[in-house]
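**Student:** Single-letter residue listing:
There are 4 protein chains.
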Amino acid sequence: MTMTDAQVRAALQSLPIELPSWGFGNAGTRFGVFPETGAARDVFEKIEDAALVHRLTGACPTIALHIPWDLPPAGMDWAALAAFAQEQGIRLGAINPNLFQEREYMLGSVCHPDPAVRRKAAAHLVECAEIAGIVGSQQVVVWLADGTNYPGQDDIRARRGRLKETLAEGYAALTPGVEMLVEYKMFEPGFYTTDLPDWGTAYTICQHLGPQAKVLVDTGHHAQGTNIEFIVATLLDEKRLGGFHFNDRRYADDDLIVGSANPFQLFLIFHELINGNDGRSAAPVSYMLDQSHSIEPKVEAMVLSVLNVQTAYAKALLVDRAALAERQAAGDVLGAHTILRDAYETDVRPLLAASREELGRPADPLCVLRGDAAFQESRRTREATPARAGGGGLGS
Amino acid sequence: MTMTDAQVRAALQSLPIELPSWGFGNAGTRFGVFPETGAARDVFEKIEDAALVHRLTGACPTIALHIPWDLPPAGMDWAALAAFAQEQGIRLGAINPNLFQEREYMLGSVCHPDPAVRRKAAAHLVECAEIAGIVGSQQVVVWLADGTNYPGQDDIRARRGRLKETLAEGYAALTPGVEMLVEYKMFEPGFYTTDLPDWGTAYTICQHLGPQAKVLVDTGHHAQGTNIEFIVATLLDEKRLGGFHFNDRRYADDDLIVGSANPFQLFLIFHELINGNDGRSAAPVSYMLDQSHSIEPKVEAMVLSVLNVQTAYAKALLVDRAALAERQAAGDVLGAHTILRDAYETDVRPLLAASREELGRPADPLCVLRGDAAFQESRRTREATPARAGGGGLGS
Amino acid sequence: MTMTDAQVRAALQSLPIELPSWGFGNAGTRFGVFPETGAARDVFEKIEDAALVHRLTGACPTIALHIPWDLPPAGMDWAALAAFAQEQGIRLGAINPNLFQEREYMLGSVCHPDPAVRRKAAAHLVECAEIAGIVGSQQVVVWLADGTNYPGQDDIRARRGRLKETLAEGYAALTPGVEMLVEYKMFEPGFYTTDLPDWGTAYTICQHLGPQAKVLVDTGHHAQGTNIEFIVATLLDEKRLGGFHFNDRRYADDDLIVGSANPFQLFLIFHELINGNDGRSAAPVSYMLDQSHSIEPKVEAMVLSVLNVQTAYAKALLVDRAALAERQAAGDVLGAHTILRDAYETDVRPLLAASREELGRPADPLCVLRGDAAFQESRRTREATPARAGGGGLGS
Amino acid sequence: MTMTDAQVRAALQSLPIELPSWGFGNAGTRFGVFPETGAARDVFEKIEDAALVHRLTGACPTIALHIPWDLPPAGMDWAALAAFAQEQGIRLGAINPNLFQEREYMLGSVCHPDPAVRRKAAAHLVECAEIAGIVGSQQVVVWLADGTNYPGQDDIRARRGRLKETLAEGYAALTPGVEMLVEYKMFEPGFYTTDLPDWGTAYTICQHLGPQAKVLVDTGHHAQGTNIEFIVATLLDEKRLGGFHFNDRRYADDDLIVGSANPFQLFLIFHELINGNDGRSAAPVSYMLDQSHSIEPKVEAMVLSVLNVQTAYAKALLVDRAALAERQAAGDVLGAHTILRDAYETDVRPLLAASREELGRPADPLCVLRGDAAFQESRRTREATPARAGGGGLGS
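Residue numbers (my numbering), protein chains in the order written: chain V, 888 to 1283; chain D, 888 to 1283; chain A, 888 to 1283; chain X, 888 to 1283.
Because the hints were derived from the structure by calculation, they are not lab data. Certain hints may be false.
Said to hold, decoys possible - For lysine-lysine, the following DSSO-like pairs were computed, each having C-alpha atoms within a straight-line distance of at most 27 angstroms: (1) 1051(X) to 1007(X); (2) 1007(X) to 1126(A); (3) 1007(D) to 1126(D); (4) 1007(D) to 1051(D); (5) 1126(A) to 1051(A); (6) 1007(X) to 1051(A); (7) 1007(D) to 1051(V); (8) 1126(V) to 1007(V); (9) 1126(V) to 1126(D); (10) 1051(V) to 1007(V); (11) 1051(X) to 1007(A); (12) 1126(V) to 1007(D); (13) 1007(X) to 1126(X); (14) 1007(A) to 1051(A).
Here the structure is a predicted model, which means the values were calculated and not measured.
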């Protein structure tokens, strides 16, 4: 009693995957940045590139923005930027405050020992909440670089108090219906403590903030060996799962293409997302890519990321859930396990191609992109002309 | 403005460290057990050995019991066992249910797919809650071996539902004033999932159970690189820290002597315990050793463990908290860090010796134990005589 | 220019996978053993079960033995045991000394501080070398439980000297053509040091021993995040790869079914085994399962393990190596990566079934096993009758 | 039979700790750089700052250089730069090639698939070998950023071939008596593979290169849970330990102050360095700091690092080695362990202060630095004036 191919295609077509503006610009490691010829240099080019990914995949109707990197240039308002996106075929998505790049934030932002710095951080959160209201975004995503490098550097408990207090100011400014997604990360850039190191901390902070606050799971932000799908199942059960920042990693947080290092894990995450929902589609939370590409061609990397997410989702949809439940109830360890594994071993590439063609998109978007002369030309044009407006940087 | 030596001694003398009955019996790894000549073979000998550690250190007034390993033998009631302990100079402490050794528990206990197994587990929890009431214990400590080894083996979310439901039955049987301490562990013996893998999960379960449920931190149960003192600070802030199972590890869960692998970490944990309390003593939670010794002489190992806990605590008491707070507020990264480090570098062995002598205990208890002819004789006597009653096993 | 299905089937049919005798007996964790009804109780039943796996898969012509667990019973010689195996349709394989279970080995075997214990260990190595000669085995596999739990417990450097010296005695007793495979393991049962913790240590020891010594890679014996396929490529380049102990793990060493936790990693290992050989078949080293099953039905677990190995191998054989090399030379990061990924996404279940049927084996061996009435009956018979001869235990 | 305080002081005074030029300039994480007021901006200011650390500690007679960051400015030769250093009271030390910052190196340097890039890398190695000869440096330290981010991106084995071949060109250019120190690192900036990921790989490369090649251990470059002191003991035994890059980390490679995250580990490393030498002083290898400071005042951080190294060394010198050896031979697990631990618990701050005063240096160099008006003034002067010559960047 598995889903039919048509049902799987319909489910796939209903899963929007949000693209991160910062994934289209040049990024690197702490050892340097290797710029890509023709990479997006401003918010307009990021929107253009995101729209291209949507045209190729049919799966990415929105683009997440990073503030202040993606502010409309002087003299332009948000409505005009939103209109620009709409012309390109996509919409503006989650608003991501930046609380780490300015010099005042060296020792933290919302947790900083100096109240003046916290005021500045709170004001930025409020500004982002307002932007979300203006552009019709459904989420403000809070990732913090706050933390410490040395035992004793600051008071762990006092920082927690500041965290609750300062985030609450941003929360209070949310338009009804907009969620604050609270992201956690085990380490980096703080190496002794991170003020939101794990899902449990983010969860308790959300409880303090209120019902519009939910936990955001970044798949690259856990300790080695952590069972991420277990966390997903738990947060769904507690009704506090806000969504995902997808990427992959073998070690550290490296923003690799989601599903490139451990595709089985991504499949298991989607298995829980379906299992914790209605058994026929993934839970209605936010699905966002969060990657920054240091050696990969950025548009290609985004297309491949979308394909990897869809591959994992399609396989998870194919699990024979009735048979699985029956084997689980019987305590049949390997009988149950092999049902899951059988779905994973299925080659879903034809199914994905058919789904895309049904939407009028290319069966093999990566191949089309690589052969697209207009795309290549656009890269050369960018190199030869000045950018329209600023904004660079790097995700978390 | 640090504490005086007299104040530190007084604080040390007020920190009771509970000993685990199972740490005195023979234990091993999955590759086998190397029995120690004269190791405790029954609950009486465990009590005798624990009492000896208390006589040597003055720090261990109670012994934790594992049920059914430490049930009084047929024909003896709990009052008689408690009286036996009292004669030896100690009291009965936390009650630890065993939900992993019987054959029915192969696929779990409180989370087992079969309701009959869950009924059995619930009944054992109720039994332990009742024992705690009878013997005047303040805690029932719940550590579960529940988990799965393979993706798909069981339904993660369904198991969580069973966990909440079954633990609630044990919780309902608690005598007022007795706490249920919910322990978490990242892995082992389940290797794909553990039903209580992290503090966040234990925390949400405690919220479901009620105010008498608190989280127990076992220092050996975290992913590599986890900042345990941060968790301690967070749980204190949320008023859900129930206490500790102390031990140490470099990799995996190995029940090594607490403070033997990373003494600095233990110091930092105590720093948070003081910081999250009144700045002059560690928070009033349960401090319990949880070790099982495969190659170490068991009584020696316990004495050394107590010394290591006291060493870390004494150093943390010596931190100049006023100066520290001042440096932290000033954003002086290394100034603050070195204040902590200075306390850590202090040699507190003379202070600990003085504290023990003040209590009429030996200055160097390990040396006394090693030279104690009566102790050596007691080992030989045990070898030569039959044990009084059963009970062996291994902690978590 | 990929291999044809017929070529892939031929390659699959040429990869022998050795079964471990200890994987058929009851095993467990340090928390206990849950015996399986009808699990093998002696060397004969282990051979019978291994032969059944070979009949079902056509891939497992040999069984590894653990000494002394698998010694022929009193009054029987090795020739008779070998003949018993041959009647069943398989041969005796690698000889695995046991240097950890006896009481003398509490502080080590070949590295023990006491020369008398080292003599005993050396004698056992010599005995195993002789057995290998007698039964025509090609390998003596040395895994050591040697290590320490506490800093200072023993002298790291002195232990290394003893290791070289004592292993050399066993090495000297090898029949020409027989290899000594030196296994490494990051931790457990030693938790401070392991005397052979990593491939580098094993490699230097092999250099000291001589050309018949090679490194054995156990896929479950590495630190989190280790790139095992890189080690495989390196050892192949240095001509010191002796073979594998296959299993899987998420955390710690848990002897899970190979390929069950991270099937992509197993594929990548086989990619290097082919790449470091002739590009059309895996390097001619020893492929051995090393698993012990605590909750899985043992014969099922072995069959599934064989299927997982073959799945990974078949997918790796399907990599378009010419196209891959071309993309790599061009510095095309994602073009090269997706070639590998395409092979991985292929559903090779039909190909594996066809390969088995070509050999006269069932297309779906797991299904056949589960429906096999004679198999079920044999389990019941074993329960009802006494075993023929001893031998239990647990792998590394 | 421990060393006397005078002997310990003499040993401390004989351990030179090299300072890294890059540790004095501004550095950061991939999220940005927070510049320090007055941080060194060119090679001259780095030399001035290193000389100040030497004046304060008496322990740092040399400064390591990074090429091309620390090239003498146009019109100045190496002799003049060396003379500048000498005026300041220190000498030029190890030469560190930079093979990661130029655009050609995006996919590697000595392992790059394009031979032209490898030629460039080889030429830089030769240049550095020549510089080492000119300035009288004893070491060329090779750390590579070479690696890949995706399975299949490049051929692991082919890269190894290129690694051996290209490094050999640099090796051939070494002046007699100069060592090539080959550094390894588990990950970063490559996240799928690192071409020199572990000591075993570095060791085999050194064997291929020749006797002047030795392994350099960076204390922050290992997998979680790795026993670094074991590696030190092994490399000493094989006569291939070249030296150290000291720093500390809790997670990832973060270049924290050595000994700040786990001081016990640093002590254990020094214990092996003494144990593998003559039992009375650390092995005569290179001791170099390799840190880059993102939030710490740089000169303070270096002084504190030197103190931490000396603290660990002094404690290790105080181990009662005769008693330890006796307890180890007796198999006395805890007796041996506590001997080590006793040395660690000793407060060596007075001994270090006395040692410094014996050399005419301040007893508390950190305190002196913080109160030094001339130092503060020099920071302000730097801010107000242009730098003399370029050079920025970040260590590995």
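**Student:** Take the hints in turn and mark each one as holding or not.
**Tutor:** Hint-by-hint comparison with the structure:
The straight-line distance between the Cα atoms of residue 1051(X) and residue 1007(X) is roughly 15 angstroms, inside the 27 angstroms bound, and the hint therefore holds. Between residue 1007(X) and residue 1126(A) the CA atoms are separated by roughly 30 angstroms; this puts the pair beyond 27 angstroms, and the hint is violated. Between the alpha carbons of residue 1007(D) and residue 1126(D) the distance comes to roughly 31 angstroms, so the proposed pair goes past 27 angstroms and is violated. Only pairs whose Cα atoms come within 27 angstroms are accepted, and residue 1007(D) paired with residue 1051(D) is accepted, the gap being roughly 15 angstroms.
As the CA atoms of residue 1126(A) and residue 1051(A) are separated by approximately 20 angstroms, the hinted pair is consistent with the 27 angstroms bound. Restraint check for residue 1007(X) and residue 1051(A): the C-alpha separation of about 42 angstroms exceeds 27 angstroms, so the hint is violated. Proposed proximity of residue 1007(D) and residue 1051(V) is contradicted: the alpha carbons are some 42 angstroms apart, above 27 angstroms. Pair hint residue 1126(V) plus residue 1007(V) does not hold up; C-alpha atoms about 31 angstroms apart against a cutoff of 27 angstroms.
Taken as a hint, the residue 1126(V) and residue 1126(D) pair is honoured in the structure, with Cα atoms around 23 angstroms apart against an allowance of 27 angstroms. Taken as a hint, the residue 1051(V) and residue 1007(V) pair is honoured in the structure, with Cα atoms around 15 angstroms apart against an allowance of 27 angstroms. Between residue 1051(X) and residue 1007(A) the alpha-carbon distance is near 42 angstroms, which puts this suggested pair outside the 27 angstroms criterion. Distance hint between residue 1126(V) and residue 1007(D) is unfulfilled; the C-alpha atoms sit about 30 angstroms from each other, more than 27 angstroms.
With a CA separation close to 32 angstroms, the supplied pair residue 1007(X) and residue 1126(X) exceeds the 27 angstroms bound. Pair hint residue 1007(A) plus residue 1051(A) holds up; C-alpha atoms about 15 angstroms apart against a cutoff of 27 angstroms.
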